[in-house]
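Trainee: Take a look at the letters that make up each chain.
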Amino acid sequence: MARPKLAVWKFASCDGCQLSLLDCEDELLAVAEAIDIAYFPEATSHVDPGPYDLSLVEGSITTPHDAERIREIRALSTTLITIGACATSGGIQALRNFRDHAEMMAAVYARPDYIDTLATSTAIAHHIPVDFELRGCPIDKRQLLEVVSAYLHGRKPNVRAHSTCIECKMRGTVCVMVAKGQPCLGPVTHAGCGALCPTFTRGCYGCFGPSDAPQTRPLGERLIALGTTRAEVRRLFSTFNAAAEPFLEEAKRHDD
Amino acid sequence: MTTRTIEVAVLARVEGEGALTLVLDGATVVDAKLKLFEPPRLFEALMRGRACTEAPDITARICGICPVAYEMSSCHAVEDALGVSVGGALRELRRLLYCGEWIESHVLHMVMLHAPDFLGFPDAMTLAKHHPERVRGSLRIKKAGNAIVATLGGREIHPVNVKVGGFYRAPRRAELAALLPDLRAARAEAEETLAWLATFEFPTFERDYELVSLRHPTEYPMNEGRLVSTKGLDIDVHDFGAHIHEHQVAHSTALQAQIVGRGSYQSGPLARFVQNADRLSPGAAAAAARVGLDPSCRNPFRMLLVRGVETIYALDEAIRIIEAYAPPAESCVPLVMRAGTGHAVTEAPRGILYHRYVLDEAGIVQDAQIAPPTSQNQRGIEEDLLAMGPMLASLSLEAATRRAEHAIRNYDPCISCSTHFLTLRFEQLGTP
Numbered sequence: 001m002a003r004p005k006l007a008v009w010k011f012a013s014c015d016g017c018q019l020s021l022l023d024c025e026d027e028l029l030a031v032a033e034a035i036d037i038a039y040f041p042e043a044t045s046h047v048d049p050g051p052y053d054l055s056l057v058e059g060s061i062t063t064p065h066d067a068e069r070i071r072e073i074r075a076l077s078t079t080l081i082t083i084g085a086c087a088t089s090g091g092i093q094a095l096r097n098f099r100d101h102a103e104m105m106a107a108v109y110a111r112p113d114y115i116d117t118l119a120t121s122t123a124i125a126h127h128i129p130v131d132f133e134l135r136g137c138p139i140d141k142r143q144l145l146e147v148v149s150a151y152l153h154g155r156k157p158n159v160r161a162h163s164t165c166i167e168c169k170m171r172g173t174v175c176v177m178v179a180k181g182q183p184c185l186g187p188v189t190h191a192g193c194g195a196l197c198p199t200f201t202r203g204c205y206g207c208f209g210p211s212d213a214p215q216t217r218p219l220g221e222r223l224i225a226l227g228t229t230r231a232e233v234r235r236l237f238s239t240f241n242a243a244a245e246p247f248l249e250e251a252k253r254h255d256d
Numbered sequence: 001m002t003t004r005t006i007e008v009a010v011l012a013r014v015e016g017e018g019a020l021t022l023v024l025d026g027a028t029v030v031d032a033k034l035k036l037f038e039p040p041r042l043f044e045a046l047m048r049g050r051a052c053t054e055a056p057d058i059t060a061r062i063c064g065i066c067p068v069a070y071e072m073s074s075c076h077a078v079e080d081a082l083g084v085s086v087g088g089a090l091r092e093l094r095r096l097l098y099c100g101e102w103i104e105s106h107v108l109h110m111v112m113l114h115a116p117d118f119l120g121f122p123d124a125m126t127l128a129k130h131h132p133e134r135v136r137g138s139l140r141i142k143k144a145g146n147a148i149v150a151t152l153g154g155r156e157i158h159p160v161n162v163k164v165g166g167f168y169r170a171p172r173r174a175e176l177a178a179l180l181p182d183l184r185a186a187r188a189e190a191e192e193t194l195a196w197l198a199t200f201e202f203p204t205f206e207r208d209y210e211l212v213s214l215r216h217p218t219e220y221p222m223n224e225g226r227l228v229s230t231k232g233l234d235i236d237v238h239d240f241g242a243h244i245h246e247h248q249v250a251h252s253t254a255l256q257a258q259i260v261g262r263g264s265y266q267s268g269p270l271a272r273f274v275q276n277a278d279r280l281s282p283g284a285a286a287a288a289a290r291v292g293l294d295p296s297c298r299n300p301f302r303m304l305l306v307r308g309v310e311t312i313y314a315l316d317e318a319i320r321i322i323e324a325y326a327p328p329a330e331s332c333v334p335l336v337m338r339a340g341t342g343h344a345v346t347e348a349p350r351g352i353l354y355h356r357y358v359l360d361e362a363g364i365v366q367d368a369q370i371a372p373p374t375s376q377n378q379r380g381i382e383e384d385l386l387a388m389g390p391m392l393a394s395l396s397l398e399a400a401t402r403r404a405e406h407a408i409r410n411y412d413p414c415i416s417c418s419t420h421f422l423t424l425r426f427e428q429l430g431t432p
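Chains A and B, in that order, are what the protein sequence lines are. Counted the way our numbering counts, the first sequence spans residues 1 to 256. Counted the way our numbering counts, the second sequence spans residues 1 to 432.
Think of the hints as simulated: they come from the structure by calculation, not from any bench. Please note: incorrect hints may appear among the correct ones.
Dumping the calculated BS3-like pairs for lysine-lysine here, alpha-carbon to alpha-carbon at most 25 Å [said to hold, decoys possible]:
#, chain 1, residue 1, chain 2, residue 2
1, A, Lys5, B, Lys129
2, B, Lys143, B, Lys129
3, A, Lys180, B, Lys163
4, A, Lys180, A, Lys169
5, A, Lys5, A, Lys169
Simulated DEER-style distance windows between Cβ atoms [to be verified]:
#, chain 1, residue 1, chain 2, residue 2, range
6, B, Asp182, A, His101, 44 to 52 Å
7, A, Asp131, B, Val336, 34 to 42 Å
8, B, Lys129, A, Ala2, 44 to 52 Å
Owing to the predicted nature of the structure, the values given are computational and were not obtained by experimental measurement. Even glycine gets a Cβ: it sits at the ideal position worked out from N, Cα and C.
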């Protein structure tokens, strides 16, 4: 039987999520045996024109050209999975969606007219149907291996959508918000990182985006009660998943 | 008239995406444009209005390959603005974190991205079929580097433990000591890897570069030092803007940098080594000598070996720091917000990374400037290609294209960093 063909695609992003695959030092060569890496420019000059059994897509849509390119990739792919906060919510660069685009371009470039870019940064699912979204900024490489393995075996990935708060309790970490009064987005943030920040005595900063049914409003009220300023709460919800609806709404509630 | 045109849809084995146009007339390259057209992500604009304490987490997202570099430059620049300095064990921990990133980034580039060029393979997976022990060994080195970043930073990519003023939590001695066996094993593997890399054939090519790096009174430079060059630049990093200007070109979403009054320059492993070989550990210096590297080296293809030497250095340094580590009393120095401007340059794996922030009295960022290494190196890479005419003219179209790509990869260009899709276009204009 032919090995399944894998393609890895990049849109506006930092490359970190696809790098997660190369960071699987113990599994990389086994993965390369089990699947045909048909298109993965960060790792290989070899180009197979497709079609592909599985496409992993990193990055958000920020240019007219990319909005077209993602449709072509969808047409070439049996299964398409988006990886990371940029692909699943628009990423940190989605902060542009809420600001004056011309002014931002002028802040960076002397000749904004040389640059062809959209005023918004949007998730891949905003443009095409997506089979599965893997969250995180960056994604967790163990979850990536689980998702790739699941799709290649025709089963559902074992990726839980509950909150980081639950992961933290399971790990037995002392709650940084209860014990130290630190602002923490763990109660409303999607699990997957293993509740990393609290193990470093730091509140969660929401890099995996909203969990299933996130109660952002009571959390926002609690943060204010702890003495967090409205501007701080707004910024806390406006980072790597700023355009994810529940985070966007909560940030707007604290707009002055 | 014979015109040879090569088009490669995507320049592979680089981080991020871009394109190259090369026009060759006989043995003369008449035009070389390295096009970095990765979509702009506008970090400098979106830093405006953010708290300065958010700079490490936000700017880390510029690059998934060297997030530590962004975290380090942003921390130092903000601390400069706030008038804070971080010393003792905290400073050593920062250096340890940087060692981890140098190791994983250098090994990724040397073995997985660049070695295939020297041996004519498409990728490291194919390389692994021919040299399984070398690839497995290098993956173990890379893993040891990543383990430093993950232990101290929480995870390999976008570590969470770095903050302005230090760390959220300083590691216990035992946590770091647990890294030592794998680091010592990696140190031995790094020697073997370098010896293997030195057996490769290196194209004969040199250019009279202005090489720019940090220079520190006692250390091989990572986080601090004066900015010096092989052509007389010797400045405090606060004066970066007075001496180095960034400008926009129509074919790139990255800004190109030049030294005022002189032109392009190169930063990165070669520049660091040439100017700081006397600051290497004895083991790394001996390794450099064994593969015939000395500070007179101006062949960018040999930068592969310099990365190997720096990998050995970073392993020596990491082992030294861990062996001497005593946890600091506090994980972070206290911060008091104030208005001001702060600057910093640190040595990312690919070269110097400059950050500048203007803060208001509440510590909110009013203005930010970030000059990543690849945008600084971009013009010099184009000049390498311009100078490669005689070498390219004697090669078949296919071989010349491969050589041009190989030359670009000498610099381990990180196009995501410089904000940017690489299509290689190569045109040769023959005579009638």
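Trainee: None of the hints should be skipped; say for each whether it holds.
Mentor: Hint by hint, here is what the structure shows:
1. Lys5(A) x Lys129(B): 19 Å, holds
2. Lys143(B) x Lys129(B): 20 Å, holds
3. Lys180(A) x Lys163(B): 18 Å, holds
4. Lys180(A) x Lys169(A): 16 Å, holds
5. Lys5(A) x Lys169(A): Distance ~39 Å between Lys5(A) and Lys169(A) Cα, so the pair is violated.
6. Asp182(B) x His101(A): 44 to 52 Å: 47 Å, holds
7. Asp131(A) x Val336(B): 34 to 42 Å: At roughly 50 Å between Cβ atoms, Val336(B) and Asp131(A) fall outside 34 to 42 Å, so the hint is violated.
8. Lys129(B) x Ala2(A): 44 to 52 Å: 19 Å, violated
Hint check: violations occur at hints 5, 7, 8; the rest are consistent with the structure.
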